[in-house]
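Asker: Chain by chain, the residues run as shown.
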Amino acid sequence: MDRNIIAVLVKNHFGVLARVASMFRRRGFNIDTLTVGETENPEYSRITATFRGDDAIKNQIIRQLMKMPDVVHISELEKSSSVSRELVLIKIKNNKDLKQDIMSVIDIFRAKVVDYGTQAMTIEITGESSKIDAFIDLIKEYGIIEICRTGIVSLQRGADSIISNIK
Amino acid sequence: MKISGAEILVRTLIEQNVDVVFGYPGGQVLDIYDKLYSHQDEIKHILTAHEQGASHAADGYARATGKVGVVIATSGPGATNLTTGIATAYLDSVPIVAITGNVSCPLIGRDSFQEVDITGITMPITKHNFFVNRVSKLADTVREAFRIAKSGRPGPVLIDIPKDIQTSLCDYEPAEPVEADKKNAAETGIEEAVRLINESEKPYIYCGGGVITGSATEEILALAEKTDAVIGCSFMGISAIPSDNERFLGMQGMHGHYASSMAQHNSDLIIAVGARFSDRATGNKSKYAPHSKIIHIDIDNAEIDKNIAVTCGLCGDVKLTLQKIIGAVDNKKHPDWLSEVDYYKKEEYRHIVKSDDMNPVNIIETVNECADEDTVIATDVGQHQMWAAQNCKFSKPRKFVSSGGLGTMGFGLGAAIGSQIGSGAKSILITGDGSFGMCLNELTTASYYNIPVVIVIMNNGVLGMVRQWQTLFYDKHYSNTVLDRKTDFIKLADAFGMKGYRCTEIPDFKEKLQSALSGDSPVLIECLIDKDEMVLPMLPPGGSMDDIIVERLGG
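Top line first, the protein sequences correspond to chains A and B. My numbering applies: residue 1 is where the first sequence begins, and numbers increase by one. My numbering applies: residue 1 is where the second sequence begins, and numbers increase by one.
Among the hints, erroneous ones may be present.
[To be verified] Quick partial rundown of chain A residues pointing at chain B, CB under 8 angstroms, derived from the structure:
| hint | residue |
| --- | --- |
| 1 | Val16 |
| 2 | Arg19 |
| 3 | Ala56 |
| 4 | Gln60 |
| 5 | Arg63 |
| 6 | Gln64 |
| 7 | Lys67 |
Everything labelled a hint here was simulated from the structure, so no lab data went into it. Keep in mind it's a predicted model, so treat the numbers as computed, not measured. Ideal Cβ placement from N, Cα and C applies to all residues, glycine included.
Please put together the full structure from these sequences, using the hints given.
Answerer: This is the structure we're talking about:
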């Protein structure tokens with residue numbers, strides 16, 4: 001099934017995230033990732049949600065969201081016309097013998113080491129989900145201790161902003 | 001001059017033309033009740049026996065009038081007792097505003113006495129809800145709650161007001177009552193809908209509750225006339241179309257009329273108006289309307305393609321959208337279709353065996369004979385509800401008050417009280433011994449306020465609808481459905497201060513009902529019926545319209 005990314009502009013009210021999450025949960029929609037933060041205008045927050053589903057599911061999610069009084073606007077972010085990134089911190093076991101191998105993987109993926117110790121190192125990587133998945137796949141064999149992913153953030157290409165859609 | 005939050009609340013309610021509220025006082029709404037005391041000449045407060053009864057009364061008031069019903073309860077258990085009523089209103093798109101008190105802001109989140117997170121609890125069963133954390137926002141929050149409750153697809157809105165917000169002082173600027181959002185016809189899809197209607201040879205109009213909410217009865221009749229269509233309805237659409245209209249086939253679906261279910265199944269075009277293709281209305285969705293194209297008109301865009309993927313979806317006010325369509329479609333005659341439908345009607349009558357017994361159909365027909373066009377018929381949930389849905393006759397909308405979506409047993413008595421107060425007409429509650437047992441405490445409300453509600457209990461001594469399923473699909477394992485209770489409903493009526501009668505014959509029932517309807521007081525009439533009466537027709541679970549059971553199976 002297709003992966004969909006939507007940006008939901010919501011009023012910056014107490015409890016809005018709970019309302020949006022509650023709608024996804026009770027109607028049985030599965031969220032892959034969800035990020036939320038204030039926008040350039042403190043009146044609004046922006047929720048970026050990714051989920052898998054066909055057009056029927058996508059349309060139903062968008063229509064259910066649009067019914068909510070706190071939801072101001074929804075943009076669908078198509079792969080071809082938007083940029084999407086995810087930031088991930090990965091802590092792996094440090095291994096003297098394999099250090100060169102690890103460093104070359106990090107180089108190739110333009111990741112960087114943000115914490116280093118004799119027992120473990122923490123790597124930061126930013127990119128599209130497919131790149132991150134590939135990186136994790138490679139680094140796995142060195143022994144992952146823990147991973148923390150931010151979820152996807154995404155902006156439309158070009159000069160428009162989501163807030164400019166508000167009538 | 002600064003006034004208290006409680007005073008602001010009551011003044012804002014008056015601003016919204018609220019003249020009656022239902023509720024129950026308690027610790028965290030004392031200040032609100034103090035102001036209701038001061039304003040008792042402007043707002044009448046109806047004290048119920050239980051907050052659930054108050055929530056159903058506000059719901060019944062809203063269904064019978066089209067206005068917003070208001071209910072007030074205290075924090076904690078008062079608030080949680082509203083939830084069944086709020087969920088009932090939510091599933092049936094009924095505009096109510098529920099106001100709850102809560103503990104003072106500094107005590108919130110500390111599991112204080114009678115503290116409950118009612119905005120969290122009601123998030124999935126309200127159209128929207130508010131927690132008021134500043135008194136300066138209170139008046140506008142109340143106004144916004146009324147606007148949301150009645151705009152678009154109506155629904156319940158809850159406002160939670162901590163006690164310190166009720167006592168805080170603030171300036172108050174009066175405002176005009178808020179209007180619902182402006183209604184608009186669908187902007188896209190009209191042309192396609194018109195083309196589909198013009199091409200159809202066998203059109204069927206499926207009316208949902210939105211026809212009542214959207215006051216679109218005349219438009220439905222005009223469209224049916226112009227396009228030579230027949231009309232059916234969902235449970236929620238009952239009373240939208242006058243029962244005696246010759247194009248009207250009655251309710252479709254699980255316990256629907258044979259003729260409307262078959263006509264829908266064999267139509268080539270279904271025009272669904274203000275309906276949501278509930279599983280009870282459609283039967284098995286994968287076998288639903290196999291030969292039909294579907295036009296769906298609804299004010300709620302999220303309903304389009306939600307349950308059934310449609311050929312043409314139109315999002316807009318049903319009345320205005322229908323007007324556009326009616327103006328554009330061709331005049332048509334479909335004699336073959338009407339004679340096919342006639343055949344279904346005859347088939348339906350063939351299965352009806354008439355008798356003079358004290359049976360459910362005769363009870364409902366007696367109610368039809370005694371009620372006038374303004375009488376509100378309220379019901380509880382179960383077999384009696386389906387018998388009423390199948391057989392009650394209506395000539396005006398908003399005269400059938402029943403919990404469709406949630407199927408709330410115990411809804412009826414509170415709702416009958418609320419709808420009587422709202423409409424000013426007599427209410428008849430048709431209930432069963434099971435449902436009535438759930439919330440019969442509201443007899444005290446009917447009795448105290450001398451509300452002319454006639455309560456007709458079909459007493460079969462069992463939980464009839466569940467028993468029917470056990471008979472048909474569970475090898476007659478009557479697990480916990482044989483009540484055999486010792487309740488004496490006549491003594492019960494007496495204990496609550498009202499008249500009660502037990503009837504075993506139809507002529508006696510008719511006499512008692514007529515006399516009750518000519519009086520001004522609540523009356524209870526118990527009708528004894530057989531425990532093995534069944535609601536037929538019935539679509540078996542997972543079945544389509546083809547699998548409809550019309551006759552009592554052996555045994």
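Asker: Does each hint hold? Answer for all of them.
Answerer: Structure-based check of all given hints:
Checking Val16 (chain A) against chain B: minimum C-beta separation of about 11 angstroms lies over 8 angstroms; hint violated. For Arg19 (chain A), the interface hint holds, since its Cβ comes within 8 angstroms of a Cβ in chain B; the closest pair sits about 6 angstroms apart. Given hint, Ala56 (chain A) at the interface with chain B, holds; its Cβ is 6 angstroms from that chain's nearest Cβ, closer than 8 angstroms. Evaluation of the Gln60 (chain A) hint against chain B yields a held restraint, the C-beta minimum of about 6 angstroms falling below 8 angstroms.
Interface hint status for Arg63 (chain A): upheld, as the beta-carbon distance to the closest one in chain B is roughly 4 angstroms, under 8 angstroms. About 5 angstroms separates the beta-carbon of Gln64 (chain A) from the nearest beta-carbon of chain B, less than 8 angstroms, and the hint is met. For Lys67 (chain A), the suggested interface contact is upheld, since its CB lies about 5 angstroms from the closest CB of chain B, less than 8 angstroms.
In terms of the numbered hints stated before, the structure departs from hint 1 and from no other.
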